[in-house]
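Chemist: Need the complex rebuilt from these two chains, each delivered in its own frame; the hints are there to steer you.
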Amino acid sequence: MTDQTALFEYLLRLGDNTLVLGHRVSEWCGHAPVLEEDIALANTALDLIGQTQMWLGLAGEVEGAGRSADDLAMLRDVWDFRNLLLVEQPNGDFGQTLMRQCLFDAFHFELLTGLTHASDDRIAAIAAKALKEVTYHLDRSSETVIGLGDGTEESHRRMQAALDLLWPYVGEMFTPDAVDDAMHAAGIAPDLIAMRARYDARLKTILSEATLTKPDSSYAQSGGKTGFRHTEHLGHMLTQMQWLQRAYPGATW
Amino acid sequence: MYAQMVTSEATQDDPQKLAQFQARIDAGEKIEPKEWMPEGYRKTLIRQIGQHAHSEIVGQLPEGNWITRAPTLERKAILLAKVQDEAGHGLYLYCAAETLGVSRDELTEMLLDGRMKYSSIFNYPTLTWADMGAVGWLVDGAAIMNQVPLQRTSYGPYSRAMVRICKEESFHQRQGYHIMMKMAQGTEAQKKMAQDALNRFWYPSLMMFGPSDKDSVHSAQSMKWKIKMNTNDELRQKFVDQTVPQAEFLGLTVPDKTLRWNDEKGGYDFAEPDWSEFFEVIKGNGPCNTERLAARNKAWDDGAWVRDGLMAHAAKKRAAKLAAE
Numbered sequence: 033m034t035d036q037t038a039l040f041e042y043l044l045r046l047g048d049n050t051l052v053l054g055h056r057v058s059e060w061c062g063h064a065p066v067l068e069e070d071i072a073l074a075n076t077a078l079d080l081i082g083q084t085q086m087w088l089g090l091a092g093e094v095e096g097a098g099r100s101a102d103d104l105a106m107l108r109d110v111w112d113f114r115n116l117l118l119v120e121q122p123n124g125d126f127g128q129t130l131m132r133q134c135l136f137d138a139f140h141f142e143l144l145t146g147l148t149h150a151s152d153d154r155i156a157a158i159a160a161k162a163l164k165e166v167t168y169h170l171d172r173s174s175e176t177v178i179g180l181g182d183g184t185e186e187s188h189r190r191m192q193a194a195l196d197l198l199w200p201y202v203g204e205m206f207t208p209d210a211v212d213d214a215m216h217a218a219g220i221a222p223d224l225i226a227m228r229a230r231y232d233a234r235l236k237t238i239l240s241e242a243t244l245t246k247p248d249s250s251y252a253q254s255g256g257k258t259g260f261r262h263t264e265h266l267g268h269m270l271t272q273m274q275w276l277q278r279a280y281p282g283a284t285w
Numbered sequence: 010m011y012a013q014m015v016t017s018e019a020t021q022d023d024p025q026k027l028a029q030f031q032a033r034i035d036a037g038e039k040i041e042p043k044e045w046m047p048e049g050y051r052k053t054l055i056r057q058i059g060q061h062a063h064s065e066i067v068g069q070l071p072e073g074n075w076i077t078r079a080p081t082l083e084r085k086a087i088l089l090a091k092v093q094d095e096a097g098h099g100l101y102l103y104c105a106a107e108t109l110g111v112s113r114d115e116l117t118e119m120l121l122d123g124r125m126k127y128s129s130i131f132n133y134p135t136l137t138w139a140d141m142g143a144v145g146w147l148v149d150g151a152a153i154m155n156q157v158p159l160q161r162t163s164y165g166p167y168s169r170a171m172v173r174i175c176k177e178e179s180f181h182q183r184q185g186y187h188i189m190m191k192m193a194q195g196t197e198a199q200k201k202m203a204q205d206a207l208n209r210f211w212y213p214s215l216m217m218f219g220p221s222d223k224d225s226v227h228s229a230q231s232m233k234w235k236i237k238m239n240t241n242d243e244l245r246q247k248f249v250d251q252t253v254p255q256a257e258f259l260g261l262t263v264p265d266k267t268l269r270w271n272d273e274k275g276g277y278d279f280a281e282p283d284w285s286e287f288f289e290v291i292k293g294n295g296p297c298n299t300e301r302l303a304a305r306n307k308a309w310d311d312g313a314w315v316r317d318g319l320m321a322h323a324a325k326k327r328a329a330k331l332a333a334e
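Chains as they are written, first to last, in my numbering: chain Z, 33 to 285; chain X, 10 to 334.
Only chain X is shown next, with the shape it has when bound in the complex (with noise of 0.2 angstroms):
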């Protein structure tokens, strides 16, 4: 997902309080800003909305990489306003941290230094323009998967940005899957495009969701603070039983030969990824870690002059306006 493997923190803080806390929650009421909350519960929204923000914001360069080749103006255009909703799903996810007591200065410094991370997913590349579509089809929903559920999320203004940012992603899904369309319905040479785009996509899709976490302590304290709405498991299942009829829909063939209908659970079987490669991914050892990083350190360090400069502009203005009352 967005957020992946967000350990809960520890808290210690009143048990009354505590109690009074978790009752509310299970109210269905939302937690705002300025009301009180664990110790815990501030810390790890602000690593997962972090971390959710951060993907937004890397998860620009493996789509930004194809807007200047988009092969007309109207998908170029799509691809545009696109990418720059991430952007803008960033903004609104950086402001919902904000709110927990953290700058998006400071979020970003742990982006580039390695502190904080990203979605394992956009240290893929995108080689052909396929790459377009299953990156909506595929990763945006997959993302979709979890966002809609966490616009019932307990934090307001997380639960606030969920709701904004899901509109936008069903329209990213659809300009995927229509690209992926027009693909494979295309030319052999775009046919081929598109069952390579999902043959290299597929289990890093998979991916997103996080190893299975039936098991773990931490996933269950979000879940009980609904931070966390479902198991990595459940929503990996949804996204497999959903993607599947679409890939034979488009006459395209999943990269896995054990996937088969189960008509006892209703869902798929399938084959589990390659779990070391995504812990590797995580370590920084994926395909485009070290680009995506050095990417985003270089926009942020040519950018120093420009922040400084209008930050040094906005300063003289309000001293000349203070002088001139």
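Bound conformation, chain Z alone (with noise of 0.2 angstroms):
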């Protein structure tokens, strides 16, 4: 693998798993459960596709071969999409979606972290602006867990079993592969193992205040971040996604 093919790889991880989730978190728009969440939740999601664009218009660049970030995010297929399979997982009920947000958002808060030192300026900048809102997302995300965790009878229950049910999706996040061990190589990524540490630290400050018990299983899902094999809900939200595109080839909107 040349660098500039890993650097496109690693560049469009970055890009779907923010596409992805900013995709799945835009589908709560104007049915959350109270209408700060609703403005909350809309503003994650607004974060996350403006971080896309940036990701995936970089990822463009360094492949050079005249695809825009529009170009990546609508006429890809879902063997070509490189986010995490956490990210791609149904929103379920709010605590399910919360969850799944905290648990990326705590991963992305170190990665972008460690990217803010990449030694290619143009990542970098990225990273410090996209660092700004994915504190506050980490905030939001890791507060209203805790208030669930430690809420009532009903909320405690359902935000452990949404904790139970996406647990074998984190450990992919840590899991290095060829990409990330050339772009780590290259000072441009951050040293995964050395991350899930800091990461562990703070999920268990985050889950002992929620009252919550992390499942005592290490098993982890993958093939997101590869494209190997996706789970079968990405197909489905790119259908939708993608179709106005598809079926209106080479209109401009």
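Be a bit skeptical, because a hint or two may be false.
To be verified - List time: in silico DMTMM-like cross-link candidates among lysine to aspartate or glutamate, alpha-carbon distance up to 20 angstroms:
(1) X:233 <-> X:243
(2) X:26 <-> X:48
(3) X:325 <-> Z:185
(4) X:52 <-> X:83
(5) Z:161 <-> X:48
(6) X:326 <-> Z:185
(7) X:266 <-> X:250
(8) X:43 <-> X:22
(9) X:274 <-> X:250
(10) X:307 <-> Z:59
(11) X:325 <-> Z:175
(12) X:325 <-> Z:59
(13) X:326 <-> Z:171
(14) X:307 <-> X:122
(15) X:330 <-> Z:182
(16) X:325 <-> Z:241
(17) X:235 <-> X:22
(18) X:307 <-> Z:68
Unchecked claim - Partial pick of chain X residues on the chain Z-facing surface, computed with a CB cut under 7 angstroms:
(19) 80
(20) 81
(21) 82
(22) 86
(23) 90
(24) 93
(25) 193
(26) 196
(27) 199
(28) 238
(29) 324
(30) 328
(31) 329
Treat the hints as calculated values from the structure; they're not laboratory data. Since we're looking at a predicted model, the values are computed, not measured. For glycine and all other residues, C-beta sits at the position ideal for the given N, C-alpha and C.
Modeler: Right, dumping it as structure tokens:
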């Protein structure tokens, strides 16, 4: 793998994570449990879509084949997506959505913090901008997980169920592969193993305040960031997200 | 409009106080929450502001319907931001209503069980991407007609909410028109979608202003109190006069064969919408009334455990803090 190929793959991972999660979160618009949450969810989705424009824009530039951020978002099929399995999981109830958000935000925060020191200035600049937004995302999702975990009996039960359901998707975030290694060696990506220790420490605090129990399993599903095997959910999301571009090829909107 | 057919409440207050109150309004003073106001003024405002707030909230649904299908990342972001603004408008308006002594939860329950209404326009479906253009251009355009003058309404909190809302609404209208321009200048299929959207949204947009109210006693009282600033007919005329040239610029045809410029009145003559359809929509028989209310009820019911959980957590934290002191 050349450095350019690895960089392109890596940027797709960054942009596809924010695209797919942003899309999922945007599905809530108008349906949240309370008005303030509706606004906060839309805000999170907006931040993530904005980050997608930057990451996929840069990916297109690095690829040099004339593909724009929109081309990459709207005209690739499932096997070309490089997002983590975690972010393509369906919203479920509000607790499941916020648990998914918290598990991702804590990872995203560490990742972007590392990327602000990237040897590539373009990546460092995007990471610095995104980090401001993600710091807020993490504050909010962790506070909500704590509030609902340590709320009523029912909210506690639902949050524990959400954690149990999503836990198998945590491991993929921290399992390095050839792309991660090449990017780390190039001085771009942070060391995932060192990141995991900080992630675990933060999560321990959050879960303890939320009175939730970390599942006793380290089994990790994989196949999202390599594109080898996504879940069935992603294809359905893409049929909706890409529909207009696919149905009316070449039109401008 | 976002608040339609709000009949003003009768008021039985001390005539001297009423006269003093009217004098303040006539002098252009703002009425603030803790000041004396006639009961009818308070009740009418609660209904009007509440209905306006509900319209913002239910109004999220027809546009939310297209967020996951927006054709580009930029369009998706703009639409999300717009729908988020609407939730924000709902929030300011519920806050304004709360200053009159009614809680957001009380108002919400009245929406959910059908005691309070929201604008008829949100009971129409959004079927193609061009509808996102038409909603911004026509629906927000109609809303602005009413909301701009309401910035001068007599009730302070309502007036201040309107100032904030108007700034955002004019951005919404422009983005809607921009979508229509792209479609109208686009492929044959896009042009067809744009014309189809105008065909479906033209009359429902005219209905937004409500039936003619020039002889209505209720309207006269609301106008005297500066809760209502113009008659429905005045606003509708202004809307048509503004919108027809915009449609012409887009190369689209307003679906009204009787539409023509009237030199004498300096405005267009146009066909009235079918008011029997309007009253059916208000009664609950519009194309989407059932879905819209069901969606709001589902969001509220499904969210009960979340609201309860967060309240319970907040109570635990307060108790722990008290115990530590």
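Chemist: Taking the hints in turn, state whether each one holds.
Modeler: Results of checking the hints against the structure:
The hinted pair formed by residue 233 (chain X) and residue 243 (chain X) meets the criterion: a straight-line CA distance of about 16 angstroms does not exceed 20 angstroms. Annotation: proposed proximity of residue 26 (chain X) to residue 48 (chain X) holds, straight-line Cα distance about 12 angstroms (limit 20 angstroms). Among the hinted pairs, residue 325 (chain X) with residue 185 (chain Z) is consistent with the structure: their alpha-carbon atoms are about 13 angstroms apart, no more than 20 angstroms. Note on residue 52 (chain X) and residue 83 (chain X): the hinted pairing is violated, with a Cα-Cα distance of about 43 angstroms set against a maximum of 20 angstroms.
Between residue 161 (chain Z) and residue 48 (chain X) the alpha-carbon distance is near 52 angstroms, which puts this suggested pair outside the 20 angstroms criterion. The straight-line distance between the Cα atoms of residue 326 (chain X) and residue 185 (chain Z) is roughly 16 angstroms, inside the 20 angstroms bound, and the hint therefore holds. Between residue 266 (chain X) and residue 250 (chain X) the CA atoms are separated by roughly 16 angstroms; this keeps the pair inside 20 angstroms, and the hint holds. This hinted pair checks out: residue 43 (chain X) and residue 22 (chain X) have alpha carbons roughly 17 angstroms apart, not beyond 20 angstroms.
For the suggested pair residue 274 (chain X) and residue 250 (chain X), the alpha carbons sit about 11 angstroms apart, so the restraint of at most 20 angstroms is met. As the CA atoms of residue 307 (chain X) and residue 59 (chain Z) are separated by approximately 15 angstroms, the hinted pair is consistent with the 20 angstroms bound. Our distance criterion of 20 angstroms between C-alpha atoms is met by residue 325 (chain X) and residue 175 (chain Z), whose separation comes to about 14 angstroms. A distance of roughly 32 angstroms separates the Cα atoms of residue 325 (chain X) and residue 59 (chain Z); the hinted pair therefore is violated under the 20 angstroms criterion.
Restraint check for residue 326 (chain X) and residue 171 (chain Z): satisfied, since their Cα atoms lie roughly 17 angstroms apart, inside the 20 angstroms limit. Distance check on the hinted pair: residue 307 (chain X) and residue 122 (chain X) sit about 12 angstroms apart at the alpha-carbon level, within 20 angstroms; holds. This hinted pair checks out: residue 330 (chain X) and residue 182 (chain Z) have alpha carbons roughly 16 angstroms apart, not beyond 20 angstroms. Of the supplied pair hints, the one linking residue 325 (chain X) and residue 241 (chain Z) holds, its CA atoms being roughly 12 angstroms apart against a limit of 20 angstroms.
Restraint check for residue 235 (chain X) and residue 22 (chain X): satisfied, since their Cα atoms lie roughly 18 angstroms apart, inside the 20 angstroms limit. Between residue 307 (chain X) and residue 68 (chain Z) the alpha-carbon distance is near 17 angstroms, which keeps this suggested pair within the 20 angstroms criterion. Among the interface hints, the one on residue 80 (chain X) holds; its C-beta lies about 4 angstroms from the nearest C-beta in chain Z, closer than the 7 angstroms criterion. Given the 7 angstroms rule on beta carbons, the hint for residue 81 (chain X) holds: about 5 angstroms separates it from the nearest Cβ of chain Z.
With its C-beta approaching chain Z no nearer than about 5 angstroms, residue 82 (chain X) sits inside the 7 angstroms limit, and its interface hint holds. For the restraint placing residue 86 (chain X) at the interface with chain Z, the shortest Cβ-Cβ distance is roughly 5 angstroms, inside the 7 angstroms limit, so the hint holds. Taking 7 angstroms as the C-beta contact cut-off toward chain Z, the hint placing residue 90 (chain X) at the interface holds, the least distance being around 6 angstroms. Of the supplied interface hints, the one on residue 93 (chain X) holds, with its beta-carbon coming within about 4 angstroms of a beta-carbon of chain Z, less than 7 angstroms.
Given hint, residue 193 (chain X) at the interface with chain Z, is violated; its Cβ is 12 angstroms from that chain's nearest Cβ, farther than 7 angstroms. Contact between residue 196 (chain X) and chain Z, as hinted, is supported at the beta carbon level, the nearest pair being about 5 angstroms apart and thus within 7 angstroms. Checking residue 199 (chain X) against chain Z by beta carbon gives a least distance of about 6 angstroms; that is within 7 angstroms, so the hint holds. The restraint placing residue 238 (chain X) at the interface with chain Z is violated, with a minimum CB-CB distance near 27 angstroms, outside the 7 angstroms limit.
Below 7 angstroms, beta-carbon pairs count as interface contacts, and residue 324 (chain X) has none with chain Z, the closest being about 9 angstroms; its hint is therefore violated. For residue 328 (chain X), the interface hint is violated, since its Cβ never comes within 7 angstroms of a Cβ in chain Z; the closest pair sits about 12 angstroms apart. Look at residue 329 (chain X): its Cβ only gets to about 11 angstroms from chain Z, farther than 7 angstroms, so that hint breaks.
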